[in-house]
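Trainee: This is what each chain is made of:
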Amino acid sequence: MTTTVSGNRGLLQAENLIFEIGSETRTGVDLPAPKGRSDRLGGLKRTAPLPLPGLSEPEAVRHYVRLSQKNYAIDLGFFPLGSCTMKHNPRLNERMARLEGFADLHPLQPEQTVQGALMLMEELSRWLVTLTGMEAVALSPKAGAHGEACGMLAIKAAIVARGEGETRKRVLVPSSAHGTNPATAAACGFIVDEIKGDADGRVDLVDVTEKLGPDVAAIMMTNPNTCGLFEPDIRKIADMVHAAGGYFYCDGANYNAIVGRVRPGDLGVDAMHINLHKTFSTPHGGGGPGAGPTVLSAALAPFAPVPYLVRDGETLRLVETESGADPDARPFGRMCAFHGQMGMYVRALTYMLSHGADGLRQVAEDAVLNANYLLARLKGHFGAPFGDRPCMHEVLLDDSTLKPHGVETVDLAKALIDEGYHPMTTYFPLVVHGALLIEPTETESKAELDRFANVLIALAERAKTDAAHFKAAPRLAPLRRLDETRAARQPKLRWRPEEALRAAAE
Amino acid sequence: MTTTVSGNRGLLQAENLIFEIGSETRTGVDLPAPKGRSDRLGGLKRTAPLPLPGLSEPEAVRHYVRLSQKNYAIDLGFFPLGSCTMKHNPRLNERMARLEGFADLHPLQPEQTVQGALMLMEELSRWLVTLTGMEAVALSPKAGAHGEACGMLAIKAAIVARGEGETRKRVLVPSSAHGTNPATAAACGFIVDEIKGDADGRVDLVDVTEKLGPDVAAIMMTNPNTCGLFEPDIRKIADMVHAAGGYFYCDGANYNAIVGRVRPGDLGVDAMHINLHKTFSTPHGGGGPGAGPTVLSAALAPFAPVPYLVRDGETLRLVETESGADPDARPFGRMCAFHGQMGMYVRALTYMLSHGADGLRQVAEDAVLNANYLLARLKGHFGAPFGDRPCMHEVLLDDSTLKPHGVETVDLAKALIDEGYHPMTTYFPLVVHGALLIEPTETESKAELDRFANVLIALAERAKTDAAHFKAAPRLAPLRRLDETRAARQPKLRWRPEEALRAAAE
Amino acid sequence: MRYLPLTDDDRAAMLAAVGARSMDDLYAGVPREAVLDRPVALPAHQGELQVERLMTLLASCNLPAGRTAFFVGAGAYRHHVPASVDHLIQRSEFLTTYTPYQPEIAQGTLQALYEFQTQVAMLTDMEVANASMYDGSTGMAEAALMAARVTRRRRIVLSGGVHPHYLATVRTACAGAGLDIVALPPAVDDEAAVARAVNADTAAVIVQSPNVFGTITDLRAIASAAHGAGALLVAGFTEALAFGLIEPAGAMGADIVVGEGQSIGNALSFGGPYVGLFATREKYVRQAPGRLAGETVDADGKRGFVLTLSTREQHIRREKATSNICTNSGLCTLAWTAHMTLLGAAGLQRLAALNHEAACDLADALTAIDGVELLTPRFFNEFALALPKRADAVVDALLTRGVMGGVPYHRLTGAPGFENVLLVCATETNTPEDIAAYAAALAEVLA
Amino acid sequence: MRYLPLTDDDRAAMLAAVGARSMDDLYAGVPREAVLDRPVALPAHQGELQVERLMTLLASCNLPAGRTAFFVGAGAYRHHVPASVDHLIQRSEFLTTYTPYQPEIAQGTLQALYEFQTQVAMLTDMEVANASMYDGSTGMAEAALMAARVTRRRRIVLSGGVHPHYLATVRTACAGAGLDIVALPPAVDDEAAVARAVNADTAAVIVQSPNVFGTITDLRAIASAAHGAGALLVAGFTEALAFGLIEPAGAMGADIVVGEGQSIGNALSFGGPYVGLFATREKYVRQAPGRLAGETVDADGKRGFVLTLSTREQHIRREKATSNICTNSGLCTLAWTAHMTLLGAAGLQRLAALNHEAACDLADALTAIDGVELLTPRFFNEFALALPKRADAVVDALLTRGVMGGVPYHRLTGAPGFENVLLVCATETNTPEDIAAYAAALAEVLA
Ligand SMILES: Cc1ncc(COP(=O)(O)O)c(C=O)c1O
Ligand SMILES: Cc1ncc(COP(=O)(O)O)c(C=O)c1O
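Protein chains in written order, with the working numbering: chain A, 1 to 506; chain B, 507 to 1012; chain C, 1013 to 1459; chain D, 1460 to 1906.
Keep in mind that the hints are not guaranteed to be accurate.
[Said to hold, decoys possible] Away from chain B, derived, C-beta distances all over 12 Å, residues of chain D:
| # | residue |
| --- | --- |
| 1 | Arg-1655 |
| 2 | Gly-1689 |
| 3 | Val-1831 |
| 4 | Ala-1845 |
| 5 | Ala-1895 |
[Unchecked claim] Below 25 Å or equal to it, Euclidean Cα-Cα: the simulated SDA-like pairs (lysine to any residue) are:
| # | chain 1 | residue 1 | chain 2 | residue 2 |
| --- | --- | --- | --- | --- |
| 6 | C | Lys-1332 | A | Gly-213 |
| 7 | B | Lys-541 | D | His-1539 |
| 8 | B | Lys-541 | D | Thr-1888 |
| 9 | B | Lys-909 | A | Thr-3 |
| 10 | C | Lys-1295 | A | Arg-496 |
Just so you know, the hints here were simulated from the structure itself, not pulled from any lab data. C-beta: ideal position from N, C-alpha, C; glycine also.
Isolated chain A, as found in the complex:
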């Protein structure tokens, strides 16, 4: 291997921490000098050290550009991370979010100066409510998990309003659920009761039936579920839950598979969050921000949190406090300061208008077609637990054909990195051992899918004879496999000035 003096490798630039390259006296901004007038701090001037390093603009730009090139991204290649819906993020969305009339707007400006923003929220609500066939939407939740909390708190409020607050505490959550579902239920003060999956990757109807009872507040189901399958008995389950006096929370993370083709409202759903950063193409940004508007059924709509939107003839206003709420509204509270993720509303509505009702339907169909195409190409080469029938927008495979040769899910994932792909979601859902959850989305071309399938098939072949190749992967990424155990055992969560002294001393 060619070694270099610089530590760089061709275009790949080594880059130290800002604490190692910057200094407290350098800065990348020019500001006028303060006048030096007397202060009004009442003696609370900072005495603590402030060792924040500064960089000049050229150094700062280079720092982040160099870092960026160590990342994989949708714009760079196929990113089939199941459940995460890594679809193309249109650039028009970004441009619209930066319009002065949206970006330079304070959440507490007088209402007469933000009518355009409120109209946008009203229009977004109309799209979400119409697409899902629900009664209302709470826009403010800031991500999917936050939307789950919003829905579960609405359910709680409805139950309390019925006077069953002390008795209905149990929430049924399938074992295949995303971790946020049980975590949310618990955070909202519910008791989580896990329900099994059946052999077909679906919620076990018998188990649900048995577990339903007067203490059940709700069921939290994902549909299409995390195995990439539509829950065929969903309507029946909804009716059973309703009959038992409970509510039906639907995790809408996979709504992109059915948008425009199926309305959750027609399935008996009472509450469902919509990850705008999944179905409606707002960028994931390396972990966020997202947005999790939560649609509500007629039963739950009165309990929607503040702020909510009210139209008075020509003008729109926000109800921002519980005391300001209309007589028929019984908001359960507030999810966050201000009005939610406006920047994401702009992007999502831009996307909706671009695709239109016809295009969104096509989005769902192409996502499902792409997944089924991959399933057809791959199922002979990998374990495909539920591969005997069509999937929705995701293909669930496992490492059962690799394991006998000493290669498991994580190794395949790392080998894919060398091949220039972001791995699929691994080891999720938990109901399948060594799960490989592939979500192609609708924004991949057939050529890209074929290339990916060819690589996976070639790797499956190679696994038969060359486990070492997989165990040593990745070799071509900016770093080799990272020691996650060490990171957790001896957590080092920040840089400390002592390191600089030590480095200088060495």
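Using the hints provided, position chains B, C and D with the ligands relative to the given structure of chain A.
Mentor: Just chains B, C and D with the ligands now, kept in the frame of chain A:
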């Protein structure tokens, strides 16, 4: 070496030509359907094939993002390409150029609707004229070479106006000049007469003296010159040329070394282009666009081309045609349609306002200091033809210490690529064999310079024992060394549809 | 459709490969009656030009802050963000990537998060910080829940200076989780009352400094009251920039420091997305919510970064997780850390000083007007005024004079009381002319 | 100063390392009397916020095209450019790199140029194209010079339909080089006259189609006249988009096709930067000006791209170069090729059709007004009208009605004649309402 099935290597994505991945029926735009009304084409509807491939937006974005990652850039690392002034390109400039009030302005809108644009041009002119100590500026030239033509045509017009158009045809050009200088002189109908350099890297005063005569129209000198040195006799040469009835064209590509510290007007210069894309930080964009406003002395100012700016009290207007010119103006013609590189004017003025008079002076000083620092660190390890005295903004080295070991300039350059650096300018200026022209610019930190110097010194050491390392470089770039001879011998300047058919047949 | 690469030919070929006659075959699992046979009743797809027109029209129905003399704060602040920040966060490699689950190809995001955590810890003078919460208010709710876990108690005391929206958010989250909220009555400065409210059942005392009235508070007395009772001190703040000038909560005994980071690197954007900063003591880190980036080495021994301590998190711990948070404020943290890196200590201190001076100048100018009283005893860049009229009417009247004069406190509570109190803020973006214009307009309105 | 990484400490250390006492030592080579001892009399440095304010103020003194019903063309065209184009060209790796002299680390730029050249050749139906000229007008000048080199003749004939700015640019460049210009008198449609003007001394016949009056011309007769006389046919155009609908010059016998590419991918930007498209026959390529990207292989036999045939260029051939051009329109070519890739043949054809229909609708609406006469016999998206009044006065009067109505032809020449002729253009950005507004306003103005 790890081979991959996909052809990708980790993050580095293989990417085919658009002709290989797109198709004529695919598109990345949505347009309403034409109404199908009768046309007014007079039978000239296109019958020729139109095999232009289209890509959907996700595919197109990915295509160009992948391509981009195969480029080196200032934002990625040190780019010491001598004479090219690869300094940081501030992002504020980009934002300002995109203000609707500048970007969405048609060059032929009524003048009362573009007063802000004309004020900007006036302000830019004021800065350029004040900084250079000249009489006037022609803004419209579109790059340095275009500015050279502007200056030389002004000189020609002045000579013709004196009735010497047929007799003064010779232009003196030093052998160290950039290729555009002789090319420009010839394109303007002059006869190029090369003057020698002296042993100190400067124009040979004796040669100039001997070659001056009544047929000399002008001298074209670069100052600081292409060896990175200030021409110490410049004022004397200017006086001699003027005394002989000629004009002094100064190539201002290296103006960044003296901006704010020396005014070319004080040196006797009659015309000088200013590469806004060098001194004033507008981005090079992989080869352009640039901008080459050309400052003129009082002697040449009347001959400035149209369009030029006139202030009538509160309003500004452009003189766009020769017939519209003021009585005392004798424009030699027009350099281009419209008013030049407005987008670059915005960026350059933004930069000037940001740095201010004080900052621009500091720019020159830091550029010179950085170059001298590198010279001090490197001169013991490389040939440094003029390294016995301070340089300006560039360090000129050569490969004389490497050659005995079988390593030459090109090999060092390619080895630098593996080390993560863009090579310096090589084999220019022609007056030094195996030239290595390093221009650090003022936007590099001392740490970056030290790292670069360390790498160069280590490579100089390695060259003594391991020429093979250099001959085989680069190994770590997206491609190995390219066969430029083959490209020139069998030019293949475009993709052809037959290639697709052939590929399909194979 | 411009975002869809499949052509009709592709679709036909793929259906054939799959062995389906039509898409209906693939949706066969859906109950018949739930399948829509046509698009819903919403407009059809449109081109960029058309969509851009529509969105621009909506945007033009707003009055952007920068088109007025602008003095609105109360939890969101208008600052100048360097152009390079927005350029950098729009880089594809940052914008279009996910949570860094595969660290070998996510070192860019991970190193930036590690740097962010360190900067937040330095700014607040705390030991460690997480990789962000949704915003300051949800962060404060998480802090309350965390304090309850750490202390195994259920009583949460909040100062009357806490932003009413934050209070409502904390109340909602804590009610869901079954904690008890003791909210002190609205007060500009209630240090002593807060200290008195702590008792042996108290999990956390929550104070904000700067608080919604702009008041900055010496937390040391409250900290010792809290610690004496075995409670944690949760120190919130409305404006992260303040710590460039004022003593950080970490230096005054806070156990958790949490607040809104928007003012560094992020646009106002009508309230979101923002970025919650969350710092704590090392010993409590295993009870902290949210992602944490940590240092480790790769198989060759090279330094690298990973998400760590994930056994706290929902995807591992499910109903026992420290929080249900998954997606956080990724790209906003990048904007924050990039802006902070451009500032550095020198730039941050100067910026903070400019803000404080502008606010002092504004306070001088406005309190010179008859009947205007300054309520806030100590402040950074924001303060509360008592006016001789209802604040909402004054704000409306100022608006017709080109001034956005602040937030009527009453708007935030909707409850009776404080109707004449106006929250006013000044930043480095306010010119002396803005301040003069405000004073002139207010004098007119109150005359 | 935010763009300068050196601190004063750095400077001192570096001066010491260099062995200089001060910067004056390093400028010792400069004649004493020419050294300024203080900054020139211009303002001092300012922060981003201050500079942004100033530039925004200047920008606000303009009336952007999009804020009016806009019908101005005459060589620059307002089209919608997809948002992704501007995003892509702002990528650091494209924006902040140089001419691809080191091909191993410039394949991004080089492949994009190779694709650009191919697209230009396909669009114009020519064999090869170069990597761009500064703009259409300078490209036309280069074409004249090239034709003179190829034919070793000096006479250049230009149609009276050539844009007057182009004519002036060609005239200036050719005069400098000592060529003779024969410019036919301004004419909307002078096909026959052009053919007649060719003689045995003629190096090139230059025609534009679409020309400044919007006229599109069947070039076949002119081509055979030119070729019969041993001259080259240089076919210019004002609007590259036209070739999505009209027969390209390459299919009608042109030897060089050259014109303005701005309308694809590039903003109006008050006239620049734009991008000159330049295509020719393979046999003439060694006489062509400008950069050329070509395919080759690397040491491992992998396909790659380089700049090639550089023995034509100034840096090798110096005074014998085919042109002095060095920097060209790099980033504008990238915008062009990216936009063209998004369009593809299908999108291009549709876009061209929409433009043509808008122009036809506009012509119908305007010629319905008494006294308005359509001069252009065949057109793409632009045409000339004869008005009953001076066109400049009409344009001013239209402006007060919110309509930017076009360019008075007389503005382009400044010479007597054609004072009543107005050049009018419509594109896909004009709505039916815009067109109706124009017709209504014009009727009023002419009433
Ligand atoms: C099935 C499912 N549910 C919930 C979530 C949580 O959504 P968020 O990350 O937006 O909080 C996710 C996110 O990955 C998910 O995949
Ligand atoms: C010394 C010198 N002169 C002239 C030029 C030509 O300038 P441009 O490329 O802007 O035409 C250059 C460009 O590299 C140069 O370095």
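Trainee: Which numbered hints turn out to be false for this structure?
Mentor: none
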